[in-house]
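A.B. asks: So you can see what is in the structure, the chains are spelled out below.
Number of protein chains: 2
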Amino acid sequence: MAEILLGALDIGGSKLAATIANDQGPIARVVQATVKSGKPDALGQQCLALLAAAGNAANIDIKEVASVGVSSCGPFAHQDGAIGLVAPNLCGGLTQENDLPNDWTFIPLEFTLRKQFSKVVIENDCIAALTAERYFGAAQAEPNSVYVTWSTGVGFGLCVDGHILRGKHGNAGHAGHILLSEFSDALCGCGNRGDLEALVSGRNLAKHYARAAEDIFTSATAGDAASLNIVKDLAKWFGRGLYNLVTTLDTRCILVGGSVWRHHAELLSPFVEAEIHSRFPALTKGVTLRSAELDDLVADIGALALVMPESWVADWRNRQPWIKLQTIALD
Amino acid sequence: MAEILLGALDIGGSKLAATIANDQGPIARVVQATVKSGKPDALGQQCLALLAAAGNAANIDIKEVASVGVSSCGPFAHQDGAIGLVAPNLCGGLTQENDLPNDWTFIPLEFTLRKQFSKVVIENDCIAALTAERYFGAAQAEPNSVYVTWSTGVGFGLCVDGHILRGKHGNAGHAGHILLSEFSDALCGCGNRGDLEALVSGRNLAKHYARAAEDIFTSATAGDAASLNIVKDLAKWFGRGLYNLVTTLDTRCILVGGSVWRHHAELLSPFVEAEIHSRFPALTKGVTLRSAELDDLVADIGALALVMPESWVADWRNRQPWIKLQTIALD
Chain H
22 MAEILLGALD IGGSKLAATI ANDQGPIARV VQATVKSGKP DALGQQCLAL LAAAGNAANI
82 DIKEVASVGV SSCGPFAHQD GAIGLVAPNL CGGLTQENDL PNDWTFIPLE FTLRKQFSKV
142 VIENDCIAAL TAERYFGAAQ AEPNSVYVTW STGVGFGLCV DGHILRGKHG NAGHAGHILL
202 SEFSDALCGC GNRGDLEALV SGRNLAKHYA RAAEDIFTSA TAGDAASLNI VKDLAKWFGR
262 GLYNLVTTLD TRCILVGGSV WRHHAELLSP FVEAEIHSRF PALTKGVTLR SAELDDLVAD
322 IGALALVMPE SWVADWRNRQ PWIKLQTIAL D
Chain S
22 MAEILLGALD IGGSKLAATI ANDQGPIARV VQATVKSGKP DALGQQCLAL LAAAGNAANI
82 DIKEVASVGV SSCGPFAHQD GAIGLVAPNL CGGLTQENDL PNDWTFIPLE FTLRKQFSKV
142 VIENDCIAAL TAERYFGAAQ AEPNSVYVTW STGVGFGLCV DGHILRGKHG NAGHAGHILL
202 SEFSDALCGC GNRGDLEALV SGRNLAKHYA RAAEDIFTSA TAGDAASLNI VKDLAKWFGR
262 GLYNLVTTLD TRCILVGGSV WRHHAELLSP FVEAEIHSRF PALTKGVTLR SAELDDLVAD
322 IGALALVMPE SWVADWRNRQ PWIKLQTIAL D
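From first to last, the protein sequence lines are chains H and S. The opening position of the first sequence corresponds to residue 22 in the working numbering, with each subsequent residue numbered one higher. The opening position of the second sequence corresponds to residue 22 in the working numbering, with each subsequent residue numbered one higher.
Honestly, the hints are just simulated from the structure, not real lab data. Incorrect hints may have been included.
Note that identical chains are pooled: a pair holds if it fits in a single copy or bridges any two copies.
[As the list claims (entries may be wrong)] Calculated cross-link-like contacts (lysine-lysine; reagent style BS3-like; alpha-carbon spacing at most 27 Å):
| id | residue 1 | residue 2 |
| --- | --- | --- |
| 1 | K253 | K345 |
| 2 | K57 | K136 |
| 3 | K257 | K60 |
| 4 | K306 | K57 |
| 5 | K36 | K84 |
Predicted, not measured: the structure shown is a model, and the values here were computed from it.
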């Protein structure tokens, strides 16, 4: 039997990563700035080129790879039955304040990848991350779990009764855009005022307070009262967003990842927990908040998990073969 | 083979209904005011007595009934692996403003019913309602659908990717308690201020505006500008709650039931739809709002659907045998 080879793509607003793996683990990973100009299929073409480059680095002909898992920023839409991206941070034609060098309104991702690969599974980045945490990280054996990234933006992967939620276009988990504040003028990239992402995301809070997010957290940790009040306010909104999810989904375990959380979990955690547990004990009792475990490579491992044979899972869980993975940066 | 006989219970804050059915349809239904005093198992005992009474009315010995489906107000909790009720409108020991003649903190429902029946399936009333609408009503063949009741309270049943969501204790869908307003003093029975139910439920809006809900809607329909402004405000909050669900679950179809909606859907519908569709087109485009179809008996049919052999479904869908069902009221 020929060796099974897998490809993985991690598509973000600023960078694109391609990984090649076999049953022993990821072999090579190549990363490049995400293409944002040219025809709408330029991103799909870049994915194909980057997978070929990762194949080269792994000494593998990319034609031997049949299956590709994709972790991508969303949201998604369907055209002729195939998934494409309608992501405001990639498609210039969809944003209100257009600072992108294109007027794309739809990126035909699945259509382009299917020309070369027979199996393509595309999921929202937080769904891929939750898949990785369920296979290999902090959400193993917990059927009612939520993954949330608190970073430049805020996104969720949702698992209820052991099913990871996808929804009509695979966009379940866009709960960064739930409305929480009726009067806040904090503005989200989607146009909402007062949604969760507007109130707490790294990008938006820096705009809102006209200070670097990092500066606010560092000052708060150093004891500055005004900065600490901002942090408490952020934690309150984030906690309210999580409370809203718990009351909607009867979740037990919340995993938090993303750069804001990774660097400031110790400061934020008590305030966020207090906000969640201050309400409706029948739903919030027993809810736990944990840090995600696979943070740096969570998207890549999640993308691989989407197409991985089940027989590989226990061995990878045991050996964590991604730890030795080297990344090659391309211009 | 012996005839298959099913029991169904509809447990509400004010009334309890028991139904007996065979493959031809529901045979008898008995209803009585919900017991709220005595020992914590008084409600379970009333369920057993009412099922026996429905059996009598159907000329059936209740011992021949093996399976009972239950649609109940929640929330639920587990004790020794069995579901019980921790519902603030039944358990006096759980409410802040205690007007109930008991100090219950847990009603051992499943434990009591299992003494007599070998199969007991208990679901939140909105989950049962959604099951009924998916089998026989307005949500057939739509895997991404939400049922919401807008009545004395506000509750949800959620279906994503064809799975009806239950959660760690079967409490998924308590999204009536998501926080929407940061400054409103509208108070919910759960203690929250500014959650969806506080802002729009029949009980709470009557308190908040010190006018009967019905009066507000009748005056608005008759052209009174102040009343119409209240209705627009209610529709805005209800629409925001639905938008939050759509953005969380990527729902396609929203079914609305409950007394407030049933009587005023024509007035409310345009405002609610406008609120949903005013945001995030990638998620809200194509979302439809429909009235539920099985409203009066939705809980009873839902409870039966929870334990019904699949082979009955197509025939019941076709004949709608519940239409002829007579109800007997007991003192």
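A.B. asks: Provide an ascending list of the numbers of those earlier hints which the structure does not satisfy.
C.D. replies: 1, 3
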